[in-house]
Structure formats: structure tokens, C-alpha cells
Amino acid sequence: MLKDVTFGQYFPGNTIVHRLDPRTKFILTIIYITALFMASALIARLLMLVVLVTCLILSQIKLKVALSGLRPLFFILLFTLILNIFFVKGETILFEYRRIVISLEGILAAVFNASRLIMLIVGMLLLTYTTSPISLTDGLEHMLNPLKKIRLPVHELTMMMSIALRFIPTLIEETDKIISAQKARGADFDTGGLIKRAKAILPLIIPLFVSAFRRADELALAMESRCYHGGEGRTKMKKLKTAPRDYFALLFGAAVVAAVVVLGQFNPWSI
Amino acid sequence: MDSIIKTEDLTFSYASVDGEASPLVLSGLNLEIEKGTFVAILGHNGSGKSTLAKHFNAILLPLGGHVYVNGADTADANMTIDIRRQIGMVFQNPDNQIVATIVEEDVAFAPENLGYPPDEIRRRVDDALKIVGMYEYKDHAPHLLSGGQKQRVAIAGVLAMHPKCIVFDEPTAMLDPRGRDSIIKVIRDLRDNHAVTVVLITHHMEEAIDADRIVVLSDGEILMDGSPIDVFRDIANLRKAGLSVPETVMILHDLKDDGFDIELDTLTVEGCAQAIYDAVAVHDL
Chain F
118 MLKDVTFGQY FPGNTIVHRL DPRTKFILTI IYITALFMAS ALIARLLMLV
168 VLVTCLILSQ IKLKVALSGL RPLFFILLFT LILNIFFVKG ETILFEYRRI
218 VISLEGILAA VFNASRLIML IVGMLLLTYT TSPISLTDGL EHMLNPLKKI
268 RLPVHELTMM MSIALRFIPT LIEETDKIIS AQKARGADFD TGGLIKRAKA
318 ILPLIIPLFV SAFRRADELA LAMESRCYHG GEGRTKMKKL KTAPRDYFAL
368 LFGAAVVAAV VVLGQFNPWS I
Chain P
8 MDSIIKTEDL TFSYASVDGE ASPLVLSGLN LEIEKGTFVA ILGHNGSGKS
58 TLAKHFNAIL LPLGGHVYVN GADTADANMT IDIRRQIGMV FQNPDNQIVA
108 TIVEEDVAFA PENLGYPPDE IRRRVDDALK IVGMYEYKDH APHLLSGGQK
158 QRVAIAGVLA MHPKCIVFDE PTAMLDPRGR DSIIKVIRDL RDNHAVTVVL
208 ITHHMEEAID ADRIVVLSDG EILMDGSPID VFRDIANLRK AGLSVPETVM
258 ILHDLKDDGF DIELDTLTVE GCAQAIYDAV AVHDL
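Protein chains in written order, with the numbering used here: chain F, 118 to 388; chain P, 8 to 292.
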């Protein structure tokens, strides 16, 4: 049940998207998000969609996988849709019953905003799907390095992040085991009202926490035994290296932003 | 012979929460482990064997007495990293010793901590993975491997430091029989072909049969110390330490008690079968 959570997972591969430097991918993701919010014109939005689909195809991530990452955000999407459909006032009224008014503009706005949200999430998921947690945190550490000057513990933060990512599958597996164990003893997680269900989660959370603390303790021992002593004097087996493809990718990102800006200027189908 | 680990009147107790004096876990332990040997440390739960192991690489520091690793006192904070590099440690739960999300990145963790240049790390990682037979899994995610495979990755992670000695703290306790066999095979290979001193902490008698020397701990003291044959012969003392006796030894002793004239100086299944065969053959005549 919990095993099919794909959110934040990494799918190994050897495509050009996988091989890009994580720093490049970080920057591109930020560019992508900015461009997405600037793309308020329909044609600009379509361009962004083309860019996203191209990246998905290049990365060989299956569409089903990419969309399955949206599942945890289902309610937010639904909320966006409903809010826009019912509360955006428009002139072309399609349906009216007492105070409930649905307009064409409202539906368009709903689709438009929901699609932005979907594209935003899929874009960010693409980063985690194609970048191993190690290189993700490596990239982050490199990019945040200047902040060490203001005494920000960059290495420690990224180490914590990579350990957290490392233990996600382990803890999911463990949760599944605890659920089975509690079910075998008659626990009921699937029926009852919200409060009853929330209460049913308690006997799940407590053993999970206890075991997480024990794991943390043992991991700390194992890390110390392997001479871990913080970031000082630490080297890396795989050095981050930028290749020509990284510069091309950044150039491509800049071109997309420029195109979005230009298309927004004199575009007739603006919403 | 030179000793790699030496304890002198080692005393230790865990500080209790309420500040009262807690019972000693280790009381005045004197132990020397020689270079290049395979020493098994046996003891029931709470005998202090894991606590003792944690003293070997300065994870715990003695309350009284000293622990020396290659002549260096573990209490010397300047030597801590050097001691940990020499004495590797493999723990019980493979899940909780793997730091990274890719096998080779995890094996690289220790040499990265030690600050070696990238190509040297690469070489060490590849060598270590080959020794434990996990080289073809170097790009895999550890959580998708079996328990035995994960434990072999953990061993490779320690081997990449090029330690002189590896302390295994119940490395097979959480594994299935097949995983256990694979780990025991790796341990034997390390001692035989890679000149690594092995300290195996266990309560599985069968795993200790191959050791050069067995030390039995009970209540923080050394109860028995000798070759496997000598230690396993002393069934009364083993029982006192709360340990079970290997089945092979048990059968031979029972037969002896029943009046068979049987050789007792064997521990393996094959040797046991041969001894029974010999005894029965004589009997028939």
C-alpha cells in the first residue's frame, strides 16, 4: 500500500537528463518554475508544456510514473479546480442555479490554474526522478557552499537531507510491517470517522518513532566507526564536473524564458 | 607474536540515569588479540561482549584500565580517527549501517571521510566490492538487496578503509541461513587471503568452530579462553556461561557417556561422522 509512493523517488537511468550536472538541473528547475509563472499567455503555456513533455521523453520517465507522483496532491488539485470554477466571475454564463454561477471563464481559469500546478509539480518531480539523492545533495552542498562563510552548517544540513532520503524506503517498509502486525491483532485503519482513524494511527506512529530513534543511534555508531567526523577534510569519489551539455542546457533554459517573455508581449490569445 | 588489540584491566559501566552507581558491564578484563588471527568472542546476552567490542575502536572509552590498538591508547583523542581506520566494525543490522542510496557511494563513505583523492577512493571501492562479491551490484539501491547482500556491502564499506582488523558484532543475527553462510564465507576469506585480523562476536557456536581461538565472556569477565576444541570440550563451563554446545560436540559426548570409545577432538560435521563410524566399526568387531 505504501510501497507505490513515488514522490521524491529516484529512477536510475542513463539518459542525457540523468547525466546533467545536478547543479544545472537545480538551476533549470528554478528557471522552469519562474518561466511557468511568467507564462500567463496561452501560447506561452503551450510552449512550457512542450518543453516539459520533451524533457519527460528525453528522460525516458514513463508518463504513468510522472503522473503517479501527483496522487498525494490530489486534494489540492481538486480544491483549485472547485475554487476556480465556482468563484471566478465571468460574462459567458453556462449554468446558473440560485447563487451558484458557473461561467466559461471560470472553467477556463480552473483548467489553466490546475494545469499550471500539475506542470509545476511534474517539473519538480522530474528533478528528483532523474537525480540520485547523493548527487542532489552534492549539488545542493556545492551551490550553498558560499553560505558557509556566514557560518551556515551546509555540510551537516545536506548530510541530514541525504540520510533522510536514504531512510524513506526503509521506514516505509517498516510502516507496512507495523500496519500488518497491528491488523493481525485486530486494529482497524480503514473504517470509521476522521477522529477514529486518526486515533488508529497512534499505535502506528509510536512504534515507528521508537524504531526510528534506535536506527538513528545505530547509524551514528556505524558512521563514527567509519571515521565520519563532519565535513572537514572530506573528499568525494565523484567530483561534480560540468560538461558542454550543461552549458547547452542552460542556454536552452534561457531561450525558453526569452520566448515566454516575447510571446507574452504580443500574443492575441491571452487569458 | 605482536598483538593488535590489548586491554589492560578494562573496566566499564554505563552511566545510569539517576546518577547512582550502575553495575559493572566489564570488570578488569585483560585480553590480547594477536595480528592475523581469527578470534571468536562468545557470550550470552548481557555478558558484555558488544560493550567490549565498542572499546576496540574507541566508540566507548574505558572507565578504568586501558585499551591499546597497535600500541596507541584509545583514550588519546588525537588517535581516534587513526584507530577507527585500523579497526573496522560491522554491526548486526545491515539496514542501519548503510549511509548512501547507491551501493558504491556507500562503500566510498569511509575513504571519503578519510580524505583520499577521488581515483584512490574509486580503486578502494572497486577492490572492496570485488572481495565481498558485490561488484556487479555497485549501481544498485541498497534497500532492494537481500539481508546477506546488504551485510556484504556493509563489510565492503569497512574494507575500503583498508583496516588491519575487523570486528564483527553479531553480523549474522538478522540474516537467513543462506545470508549467514555467505557472510561466514567472506569472513573466512578475509582471514585466509587478505591478512585481516578477525574478531567475531557471536552466540552461534557453529560460527566459532573455524576460529583460531575462542574467548567466552560471562558477566563481564573472561570465563574461558582457548582453541575451539578445548573450549567446546568443557561442556559444564559452557553451560555456566549460558551457551549452547554445538550439536556435533553434544552427540559425541552423549555417545561417550553411553560407553562408546569415541574420539572427542573434532567439531565439524564430517569429523563427527567419521568419529562415529570409527567407534561403531570397533564396536562391531
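A portion of the hints provided could be inaccurate.
Chain F regions said to be covered by chain P (calculated; three or more residues, Cβ under 8 Å) [claimed, not checked]: (1) 272 to 286; (2) 359 to 368.
The calculated BS3-like cross-link candidates involving lysine-lysine, where the alpha carbons are at most 30 Å apart (straight line), are [claimed, not checked]: (3) K145(P) / K355(F); (4) K137(P) / K42(P); (5) K42(P) / K358(F); (6) K356(F) / K171(P); (7) K13(P) / K145(P); (8) K355(F) / K171(P); (9) K42(P) / K61(P); (10) K263(P) / K353(F); (11) K145(P) / K358(F); (12) K171(P) / K181(F); (13) K263(P) / K179(F); (14) K353(F) / K13(P); (15) K294(F) / K145(P); (16) K42(P) / K356(F); (17) K353(F) / K61(P); (18) K137(P) / K355(F); (19) K137(P) / K356(F).
Since the hints were derived computationally from the structure, they do not count as laboratory data.
These numbers were taken from a predicted model, which means no experiment stands behind them.
The beta-carbon is built from N, C-alpha and C at its ideal position, and this holds for glycine as well.
Results for each hint:
1. 272 to 286: This one holds; 5 residues, not fewer than the three required, reach chain P with a Cβ under 8 Å.
2. 359 to 368: violated (count 0)
3. K145(P) / K355(F): holds, 14 Å
4. K137(P) / K42(P): Answer holds: K137(P) to K42(P) is near 24 Å, not above 30 Å.
5. K42(P) / K358(F): violated, 43 Å
6. K356(F) / K171(P): holds, 29 Å
7. K13(P) / K145(P): violated, 36 Å
8. K355(F) / K171(P): Holds: K355(F) and K171(P) sit about 26 Å apart, inside 30 Å.
9. K42(P) / K61(P): holds, 19 Å
10. K263(P) / K353(F): violated, 61 Å
11. K145(P) / K358(F): Distance ~21 Å between K145(P) and K358(F) Cα, so the pair holds.
12. K171(P) / K181(F): Violated: K171(P) and K181(F) sit about 50 Å apart, past 30 Å.
13. K263(P) / K179(F): Distance of about 69 Å is beyond 30 Å: violated.
14. K353(F) / K13(P): This hinted pair is violated, its Cα atoms lying about 34 Å apart.
15. K294(F) / K145(P): holds, 28 Å
16. K42(P) / K356(F): violated, 37 Å
17. K353(F) / K61(P): holds, 28 Å
18. K137(P) / K355(F): This hinted pair holds, its Cα atoms lying about 19 Å apart.
19. K137(P) / K356(F): The hint holds at about 23 Å.
Comparing the model with each numbered hint stated earlier shows that hints 2, 5, 7, 10, 12, 13, 14, 16 do not hold.
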